[in-house]
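Chains as they are written, first to last, in my numbering: chain F, 1 to 261; chain L, 262 to 625.
Don't read these hints as lab results, they were simulated from the structure.
Nothing here was measured: the structure is a model prediction, and the numbers come from that model.
Backbone N, C-alpha and C define an ideal beta-carbon position, used for all residues, glycine too.
A few of these clues could be false.
[To be verified] On the chain L side, residues computed to face chain F include the following (Cβ under 10 angstroms): (1) Gln281; (2) Arg397; (3) His400; (4) Thr472; (5) Cys477; (6) Asp483; (7) Gly547; (8) Pro550.
[What the hints assert, rightly or not] Restraint-style ranges between C-beta atoms, simulated for each label pair: (9) F:Val124 / L:Leu401: 32 to 38 angstroms; (10) F:Ala188 / L:Arg615: 21 to 27 angstroms; (11) F:Arg200 / L:Tyr617: 37 to 43 angstroms.
[Unchecked claim] Far from chain L by the CB rule (all over 12 angstroms, computed), these chain F residues: (12) Asp67; (13) His81; (14) Met101; (15) Glu133; (16) Met190; (17) Asp219.
Residue-level listing of the chains:
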Amino acid sequence: MDMTSAATRPVLKVVDATLDFGGLRALNNVSITIEAGLITSVIGPNGAGKTSLLNCVSGFYHPTRGDIFFGERRLTSSSPHQVSSLGIARAFQNIELFRGMTVLDNLMLARHRNLTYSFLQAVVYFGKASRLEAENRAVVEDVIDFMELEPYRKQTVGSMSYGIQKRVEVARALTLGPQLLLLDEPMAGMNIEEKEDMVRFILDIQKERDITVVLVEHDLGVVMDISDRIYVLDFGQVIGFGRPEEVAANPQVIDAYIGEG
Amino acid sequence: MSANRWFATGNFYTTYREEQRIFVTHLDRLFFSLLLIGLFAWPLLVPTSNRNMLVINNILIAVVAVYGLNLVTGFAGLISIGHAAFVGIGAYTLAGTAGAIGESHVLITHAWPLMILASGCMGAAFGAFVGLPAMRLKHLYLAIATLSFQMIFSWTINFMTFFNQGQMIPVGRVFWINGPVGRNEHYLFWYYVILVTAVACGLGVRNLLRTRYGRCLVAVRDNDRAADAMGMHPGLTKVYAFALAGFFAGIAGALHTYMFRGAGFESFTLHHSIIYLAMAIVGGLGTLPGSLLGPVAIQILELQMEHLSEWAGALLPANMNLATAMRPLGFGLVIVLFLMFEPRGIANWWRICRTYLKLWPFRY
């Protein structure tokens with residue numbers, strides 16, 4: 001694969017991150033490195049700290065100790081809107097769409113940062129405002145096309161089925177135009193066909209759009225098939241790392257999952 | 262676009278700009294133009310008493326105020342029960358200035374468009390300040406914060422001698438190109454000023470709603486966590502929503518002061534805040550037509566209830582005070598019924614009519 005040359009470049013580094021909620025230690029000295037162009041999965045039993053880790057990266061939580069770097073930029077104390085404008089997009093585990101808006105408006109909101117017209121230009125809707133709206137609409141349509149959401153464009157998100165909402169969630173993250181895409185259980189609660197679709201989308205996102213993907217997922221079959229690297233978390237600690245076949249052979253991982261003591 | 266831009270029943274867009282249009286067909290645009298021409302022309306054709314003109318002006322002022330309330334409560338989902346206080350801020354910006362520099366100062370009588378704009382800006386400043394708790398508070402807790410602003414406003418106006426302790430502060434007659442606006446044409450003159458303001462503000466709001474500055478409001482209403490992840494600061498967006506509401510309220514307040522030739526405390530009480538809220542709810546929260554329909558409906562309702570209670574007063578025994586109770590009773594009943602049976606307000610009826618007429622005479 002031609003990935004090997006790019007694979008040496010880390011985009012995201014979490015260094016010794018510890019996250020405490022009162023007496024509960026959600027993350028304990030977690031260090032991970034996400035390499036450019038790869039699909040890196042984070043797996044682990046329930047409550048292992050996977051979503052907490054994503055929340056730390058995307059700025060909803062700030063680690064108690066440790067650091068997070070995106071390229072050269074330190075993210076440790078950045079808030080979500082700062083993180084997203086740097087090029088890290090996030091799809092949520094529990095669908096967090098704007099339910100009262102259409103798919104189109106949901107995606108247009110992801111272009112918020114790119115619509116640089118001023119307030120007064122917006123009030124008269126003339127010149128730059130109208131032009132930028134049309135230009136960004138084209139970007140949105142490109143994503144709609146990519147994620148095959150054409151039939152739902154003008155539907156209100158709240159009235160759509162769960163599988164489609166999940167897809168809109170991923171589409172909205174893509175519309176931000178990220179370098180790094182964090183997907184938190186994009187396949188949870190889907191049937192086999194919807195899962196297959198989603199896997200295809202994730203692979204396309206990596207290959208066609210050249211976006212680094214971090215995937216948190218419970219379906220181990222999917223994870224083993226599409227991941228380039230896997231991190232295994234248990235009780236807030238990294239207990240295994242490597243290529244899928246290495247992780248599958250790791251006795252600690254087998255122990256955590258199957259639970260032989 | 263289809264060749265027929267008059268009666269297009271479907272969507273025939275070929276560019277994204279076509280889809281951005283406010284008026285989809287020429288027919289829409291024609292109706293809107295006719296409506297505007299009608300609104301401007303009718304006072305010249307039908308002589309109207311000052312009393313009726315006053316009612317109409319009051320409705321239009323309420324429309325401007327409700328634009329603001331609908332933006333903050335309908336679109337951004339932040340309940341504000343201090344909207345009359347923001348209107349009062351605008352009114353007292355003008356009245357306070359008049360009190361300080363003299364009611365017939367050139368600034369008041371000649372530069373009145375500037376004073377109206379300044380009142381709007383003052384409203385926006387206070388709106389932003391009162392909106393600060395929205396960075397931390399949500400839902401009912403925020404509503405209480407806005408309520409407390411209403412209380413602080415009442416208290417300040419009632420106790421400060423600068424504001425004449427809530428008594429009327431007079432404002433002089435304004436000048437138009439051909440000299441001062443006299444007693445007879447006063448209401449007609451202000452009808453046109455308020456109409457122009459209401460239409461301009463309405464178009465401004467309509468434009469805002471199809472840009473990032475309008476979408477961000479709905480985003481913080483629906484999901485402020487996701488709004489944060491989309492790259493906007495949810496707290497500041499809420500403050501901005503309050504500033505916007507304050508701006509329209511301030512403008513409405515200044516118009517109110519000019520039309521009544523003074524500002525008195527009794528027009529900006531908690532009662533008025535509730536009425537503004539009722540207008541927004543009955544009109545339709547989170548819709549632009551709702552901001553127009555709500556004030557009209559509520560004002561008409563109030564007048565009708567007044568007639569009704571007068572009529573009932575003659576019939577019912579006087580010692581039971583039933584007639585005086587009818588107005589608040591009927592008012593409350595309408596709001597409850599709307600919340601129960603048509604929470605989307607009159608604007609929803611308007612929407613249903615439009616979608617029906619779009620395909621008429623076909624069913625679908």
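Hint check:
{"no.": "1", "hint": "Gln281", "result": "6 angstroms, holds"}
{"no.": "2", "hint": "Arg397", "result": "14 angstroms, violated"}
{"no.": "3", "hint": "His400", "result": "16 angstroms, violated"}
{"no.": "4", "hint": "Thr472", "result": "4 angstroms, holds"}
{"no.": "5", "hint": "Cys477", "result": "7 angstroms, holds"}
{"no.": "6", "hint": "Asp483", "result": "4 angstroms, holds"}
{"no.": "7", "hint": "Gly547", "result": "8 angstroms, holds"}
{"no.": "8", "hint": "Pro550", "result": "17 angstroms, violated"}
{"no.": "9", "hint": "F:Val124 / L:Leu401: 32 to 38 angstroms", "result": "37 angstroms, holds"}
{"no.": "10", "hint": "F:Ala188 / L:Arg615: 21 to 27 angstroms", "result": "40 angstroms, violated"}
{"no.": "11", "hint": "F:Arg200 / L:Tyr617: 37 to 43 angstroms", "result": "42 angstroms, holds"}
{"no.": "12", "hint": "Asp67", "result": "21 angstroms, holds"}
{"no.": "13", "hint": "His81", "result": "5 angstroms, violated"}
{"no.": "14", "hint": "Met101", "result": "6 angstroms, violated"}
{"no.": "15", "hint": "Glu133", "result": "6 angstroms, violated"}
{"no.": "16", "hint": "Met190", "result": "20 angstroms, holds"}
{"no.": "17", "hint": "Asp219", "result": "24 angstroms, holds"}
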